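Since the structure of chain A is already known, use the hints to place chain B on it.
So the protein sequences, as listed, match chains A and B.
Residue numbers 11 to 163, in this note's numbering, belong to the letters of the first sequence in order.
Residue numbers 183 to 371, in this note's numbering, belong to the letters of the second sequence in order.
Don't take each hint at face value.
What the hints assert, rightly or not - To be clear about the criterion: a stretch of chain B counts as covered by chain A if any three or more of its residues have a C-beta under 8 Å from a C-beta of chain A, and this derived list gives those stretches:
1) 204 to 217
2) 231 to 239
3) 330 to 343
Simulated from the structure, these hints should not be mistaken for lab results.
Just so you know, these numbers come straight off a predicted model, no measurement behind them.
For every residue, glycine included, the Cβ atom is placed at its ideal position computed from N, Cα and C.
Given next are the chains, with one letter for each unit.
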Amino acid sequence: MKRIGWWFVLAAVVLSLTVAAFPEDGGPRTPGERVTHLAKQIRCPTCAGRSVEESMAPLAVSSKQEITDRVQRGESDEQIRAFFVSRYGDTALMSPERTGLNSVPWILPGLFAIGGVGLAFFAVRRWRGEATGSSGPSDEDRVLVEAALRARS
Amino acid sequence: MSTPEASVVPVATSRRSPARWIAVAVLVMLVLLVGLLATRPAADSKVKASPLVGQAAPSVSGTALDGRAVDLADFKGRYVVLNFFATWCQPCREEHPDLVEFSRQNSGPSDPAIIAIAYDKSDVNAARSFFAQNGGSWPVVPDDKGHVAIDYGVRGLPETYVIDPQGNISQHVSGGVTLAKLNELTGKV
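Isolated chain A, as found in the complex:
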């Protein structure tokens, strides 16, 4: 039982490291695709909950132009995202970066899933033991029986 618990801990650690280390971007893309991809990640400064890709607000249009200019200048996706974060703070991004405290919302759902599976595993195991009676008397039962026998003799 103890060993199984450690397997769950190991799975949680592996999942956390994988999520934290896994790059958000895929492989190489054309400059146009990069602009669109980045524009979907950058929040429109003047609109509620919309990306600069989705909005035609003047600042959204300017932001997309800024992205285009920076892509043409050869900046990486990370550099361009960092530029917007340096100007608007963390809320410049539609989704938080997977670094530091921001990685918590990415990791916790996986940990919850593992915890849930673990709980279900142990619950089923206990129910099956109770149903079949195969688990035998518990330590508690043994102590009670021994106490009762001692009292009789």
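For chain B alone, kept in the frame of chain A given last:
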């Protein structure tokens, strides 16, 4: 005949159920998540501190509406009030008299200066007329491509940045400014 009753012995379990540990761990994670989300600023919050405060002011240069060349670097050694506005923005119109008065009170070569950024390129002619009618002799630089607004992290209008004599952004005001506020932000009070 009496039968001695077995005394109930309190039993301490020698080891805890793994399920209980997992439940506690999940609860702790849930509390952490709620704590994290509760202490972070909302994405759509109206009040946002500029990450640029304390940083070197991004460069601003261009040709003002009256034809003079403007470069923020030339204002080093003085406070600069960098004001983003548009004529269709009502709070911008409301703060304008205070800016005019502040400009009038600070006309010396080492006094705080104002530079306005005309945020909307389609508003340039209206801005020219607005200044002609309402006063204000400070340079108005059109932000043709919106680069200056993005460089300063502008979210709405009006927004004002105060740049200290060393060239660093010392204050950021989202919304209209008053004469008293401008005096306070530029160390006049």
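Going through the hints against the structure:
1. 204 to 217: holds (count 8)
2. 231 to 239: holds (count 4)
3. 330 to 343: With 8 residues in contact (Cβ-Cβ under 8 Å with chain A), the coverage given for the stretch 330 to 343 of chain B holds.
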